[in-house]
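Asker: Sequence:
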Amino acid sequence: MKVYGLSVKGKHHEENEDCYLINVEKKLFAVADGVSIPKGGKQASYFTMKFLNNFFNQNLKQAIEIVNEKIFELRSKNICGFTTLTALHIKNNKAQLCWIGDSPAFLIRANKIFLLTSFEDVHENMLLQAIGSQNINIHEKIFEIKKGDKIILCTDGISSVLSENEILYIALKYNDAEKICKNLIKIAEKMESVYKDDKTVITILL
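The sequence shown begins at -1 in my numbering and counts up by one.
Don't read these hints as lab results, they were simulated from the structure.
Check each hint, because a few of them may be wrong.
Cβ pair distances, simulated, as ranges [claimed, not checked]: (1) Glu176 / Glu23: 16 to 22 Å; (2) Gly146 / Asn76: 16 to 22 Å; (3) Glu67 / Lys194: 31 to 37 Å.
Listed below are the simulated PhoX-like cross-link pairs for lysine-lysine, each with C-alpha atoms no more than 20 Å apart in a straight line [said to hold, decoys possible]: (4) Lys37 / Lys75; (5) Lys59 / Lys37; (6) Lys24 / Lys144; (7) Lys0 / Lys144; (8) Lys0 / Lys180; (9) Lys145 / Lys25.
Using N, Cα and C, we set each Cβ at its ideal position, and we do this for glycine too.
Input sequences plus hints: build the corresponding full structure.
Answerer: Right, here's the structure in full:
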């Protein structure tokens, strides 16, 4: 397994409100996109990654429930706001994917790209739920992984400006996790006239 992650601040943001987690030992990977409005997105994404790493113990869904409780407590004290979360845990030949919000995950297999996440948490570009809400419905998908698979987790600073075919093109062009991440970011930055959000991506080569 080879993994690389990269996060870059969007030009219209004073600070990067995205955050990501790579824990190769636990085989735990995640991205979070802090919500700018009302405020506290950067803190929410940071603490979400910190808590997820601390509280994860082989049960991803349970860990996210604990994380949400902690973020909700901090939000009630005006310490942080809301964030999306997309997290992946790999164990043997299976992967568990959980998400809240609109940060997508993709599987590249046999020269094809598959969107693993869904977007029922979004309506007319508004998030219906996020980490930090009092009650959340964690979406989950468990799937088998194969040698040669590539998994990409990213925030909408990437997915809102690049099509699935563009992501697939980069993923197939490079067999190097770092090069895939850097080139996805590079292309997304050229599209900042369209969408100037923070950009975060993790690439996992299996």
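Asker: Using the beta carbons of Glu67 and Lys194, state whether their distance is inside 31 to 37 Å or not.
Answerer: Distance hint for Glu67, Lys194 holds at roughly 33 Å.
Asker: Is Lys24 within 20 Å of Lys144, Cα to Cα?
Answerer: The hint holds at about 19 Å.
Asker: Has the given pair, Lys0 with Lys180, been kept, meaning a C-alpha gap of at most 20 Å?
Answerer: Holds - the C-alpha atoms of Lys180 and Lys0 are around 15 Å apart, at most 20 Å.
Asker: Is it true that Glu176 and Glu23 lie within 16 to 22 Å of each other by Cβ?
Answerer: Since Glu176 and Glu23 have Cβ atoms about 20 Å apart, the given range 16 to 22 Å holds.
Asker: Quick check on a hinted range of 16 to 22 Å for Gly146 and Asn76, using CB atoms only.
Answerer: violated (47 Å)
Asker: Take a quick look at whether Lys145 and Lys25 sit within 20 Å of each other, Cα to Cα.
Answerer: Holds, at roughly 15 Å.
Asker: Under the criterion that the straight-line Cα-Cα distance not exceed 20 Å, is the pair Lys0, Lys144 satisfied?
Answerer: Holds. Lys0 to Lys144 sits at ~14 Å (cutoff 20 Å).
Asker: Would you check the hint for Lys59 and Lys37, treating anything up to 20 Å between C-alpha atoms as holding?
Answerer: violated (26 Å)
Asker: Against the 20 Å threshold, does the CA-CA distance of Lys37 and Lys75 hold or violate the hint?
Answerer: holds (13 Å)
The structure is inconsistent with the numbered hints 2 and 5, although it conforms to all the rest.
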